[in-house]
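Protein chains in written order, with the working numbering: chain A, 21 to 346; chain B, 21 to 346.
Hints in this document: simulated from the structure, not taken from any laboratory.
Please read these numbers as outputs of a predicted model, since none were measured by experiment.
Ideal Cβ placement from N, Cα and C applies to all residues, glycine included.
Treat the hints with caution; some may be incorrect.
[Claimed, not checked] Cβ-to-Cβ under 8 Å is the rule here; a few derived chain B residues that face chain A: (1) V68; (2) M106; (3) A110; (4) S206; (5) H219.
2 protein chains.
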Amino acid sequence: MPGEKEIISRVRRRARAGSGVVLGVGDDAAVVRINDAKDVIACCDLMVEGVHFRSERAGPAMIGHKALAVTLSDVAAMGGVARFAMVSIALPRRVSAAYVDEILQGIFDLAAACDVSIIGGDTSSSPDSLFIDTSVIGECSRGRAVTRAGAQAGDTIFVTGSLGASALGLALLEKGYRLDGVEEGSPRGQAILKHLRPHPQLALGREIGEAGLATAMIDVSDGLSTDLWHILEESSCGAVIQAEKLPIAETDELEIDPLQFALHGGEEYELIFTARPERRDEVMQLSNSLGTRVTVIGEIVTERGLRLEQDGAIEDVPPLGFEHKI
Amino acid sequence: MPGEKEIISRVRRRARAGSGVVLGVGDDAAVVRINDAKDVIACCDLMVEGVHFRSERAGPAMIGHKALAVTLSDVAAMGGVARFAMVSIALPRRVSAAYVDEILQGIFDLAAACDVSIIGGDTSSSPDSLFIDTSVIGECSRGRAVTRAGAQAGDTIFVTGSLGASALGLALLEKGYRLDGVEEGSPRGQAILKHLRPHPQLALGREIGEAGLATAMIDVSDGLSTDLWHILEESSCGAVIQAEKLPIAETDELEIDPLQFALHGGEEYELIFTARPERRDEVMQLSNSLGTRVTVIGEIVTERGLRLEQDGAIEDVPPLGFEHKI
Numbered sequence: 021m022p023g024e025k026e027i028i029s030r031v032r033r034r035a036r037a038g039s040g041v042v043l044g045v046g047d048d049a050a051v052v053r054i055n056d057a058k059d060v061i062a063c064c065d066l067m068v069e070g071v072h073f074r075s076e077r078a079g080p081a082m083i084g085h086k087a088l089a090v091t092l093s094d095v096a097a098m099g100g101v102a103r104f105a106m107v108s109i110a111l112p113r114r115v116s117a118a119y120v121d122e123i124l125q126g127i128f129d130l131a132a133a134c135d136v137s138i139i140g141g142d143t144s145s146s147p148d149s150l151f152i153d154t155s156v157i158g159e160c161s162r163g164r165a166v167t168r169a170g171a172q173a174g175d176t177i178f179v180t181g182s183l184g185a186s187a188l189g190l191a192l193l194e195k196g197y198r199l200d201g202v203e204e205g206s207p208r209g210q211a212i213l214k215h216l217r218p219h220p221q222l223a224l225g226r227e228i229g230e231a232g233l234a235t236a237m238i239d240v241s242d243g244l245s246t247d248l249w250h251i252l253e254e255s256s257c258g259a260v261i262q263a264e265k266l267p268i269a270e271t272d273e274l275e276i277d278p279l280q281f282a283l284h285g286g287e288e289y290e291l292i293f294t295a296r297p298e299r300r301d302e303v304m305q306l307s308n309s310l311g312t313r314v315t316v317i318g319e320i321v322t323e324r325g326l327r328l329e330q331d332g333a334i335e336d337v338p339p340l341g342f343e344h345k346i
Numbered sequence: 021m022p023g024e025k026e027i028i029s030r031v032r033r034r035a036r037a038g039s040g041v042v043l044g045v046g047d048d049a050a051v052v053r054i055n056d057a058k059d060v061i062a063c064c065d066l067m068v069e070g071v072h073f074r075s076e077r078a079g080p081a082m083i084g085h086k087a088l089a090v091t092l093s094d095v096a097a098m099g100g101v102a103r104f105a106m107v108s109i110a111l112p113r114r115v116s117a118a119y120v121d122e123i124l125q126g127i128f129d130l131a132a133a134c135d136v137s138i139i140g141g142d143t144s145s146s147p148d149s150l151f152i153d154t155s156v157i158g159e160c161s162r163g164r165a166v167t168r169a170g171a172q173a174g175d176t177i178f179v180t181g182s183l184g185a186s187a188l189g190l191a192l193l194e195k196g197y198r199l200d201g202v203e204e205g206s207p208r209g210q211a212i213l214k215h216l217r218p219h220p221q222l223a224l225g226r227e228i229g230e231a232g233l234a235t236a237m238i239d240v241s242d243g244l245s246t247d248l249w250h251i252l253e254e255s256s257c258g259a260v261i262q263a264e265k266l267p268i269a270e271t272d273e274l275e276i277d278p279l280q281f282a283l284h285g286g287e288e289y290e291l292i293f294t295a296r297p298e299r300r301d302e303v304m305q306l307s308n309s310l311g312t313r314v315t316v317i318g319e320i321v322t323e324r325g326l327r328l329e330q331d332g333a334i335e336d337v338p339p340l341g342f343e344h345k346i
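In isolation and in its complexed conformation, chain A is listed as follows (with noise of 0.2 Å):
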């Protein structure tokens, strides 16, 4: 494990100073700048080795990465733009100065892809497993957040991108597939990297946001059926969804029910958020512009609980899901 002083040193020649930054890594606090007419948006993601991430499945740059991307994924759920960001990690002592900068490498080539400046943090050393909790602030238009709590009955649910492939990669790891004996592109590769290496759907959050698009939104952390239930639940409502319109991500394995996965798995980092119906071709014009699939899979009614439709048959959904969120 490399020396403290050592760390702050990588990590202060790498901090890139973007906008906003009045004073970056390297004192007590950083100090940053939000325009006027902004709310701030502070979140945080706590990532522990043996309970988040096994370093036999993922290398170090993949761990960095997903440890601040589903931190910026909070802010893409709340509408906002992210900004800033720290990142507190504990370093067992068998940890090499290589596998420390590949994970900062993985971190920081996240930030600059996102235009994030990383701020600051702290570093400790750690009695067994790695910890990493990253910090982000972002902003939005004053008042604009997007909450769990707006749907409305009537109101149309959407989702991005597709699910179940994060949970079937996460499947697949645990059979002990790995991300270097399976085909790049097949199924299987593309279910793996997305557990390891999810994306934050970042620039549709932002564009939904900016426009008051969505009366609420959630980003898919714990499952579609925990996470629509949030929403469910913050927003005193129903929701019934199509079985035939989900976005189930494509795989060739036999022995699973892809729908199961896509209403249950979680770590997608895919936002679900909903809005009024007659705003539709407006999210499907965003959709087309970035270039971000978005697929309507339902509507939100008055009736409480979550209910799904399936070959004309309609059954309750209960939020399988993980919660570990505070």
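Starting from the structure of chain A, add chain B where the hints point.
Here is chain B on its own, set in the frame of chain A:
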């Protein structure tokens, strides 16, 4: 260990929505409002069981208190006002719900005392050790953050409170002394308390920042020698401090050298700051009005390095404290 949903509902129940909180705990992210003409201050500190604390030495409320206190101290050291905090916590399975409650109580009590709103966080299980990462968002008038880089030759060097008690407290804890086995209010009791339950100098830090009194400021987390050294490095200057002026914490221990503890002992969370000599009276008036002890300990000089004047002799002081902040 209580379930994550249970922890979330505990946090939600206790999180007061203070001023500036548009959206607190419970959504993908928090939304807060920072006044126009303010800069945003952001920092985080990681505390790891077995590295920064031991559960056999400190009760859970003290562990929670300290986890937040050390991060608040960083905002004080920027001359800022601490406003909002997030807490990420990884809990080993052996931890009971009552234990978690007490950790949270320690955090919430300090937050309430400092007018800081807890706006979010994350929780996870941990394979072994307890981890707490706290992030704090504060504010200061635009361009008025007090960095480590502004000290100039001729500046007077001040320090708050007294120095050496926290390191002494740690030494006593390592010898087997515990808070409940020493007399309350005794030098030993005070030393252990200062180590386990430090109080960040938020009021003085904020007032210094608002009045533009200091040319540079830092908090004593790694020890006077190391932290003053940071100011000297960032400000490209040196310092001479007087041994007989140092506010050395009271002690009855015969086998220690209190001066060495005061010079190099970390985790004091006092503030070291420099100011132009003509502002000394203003600093002392502020000290009186807040009832916070402030002592002049020396002067900034052109010649690089840190020197100690004692009994007419001058010797170099190397930075012997810890270095661990990004």
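Let me make sure I understand: some of the numbered hints might not hold for this structure. Which ones are they, in numerical order? Hints 4 and 5 not satisfied by this model.
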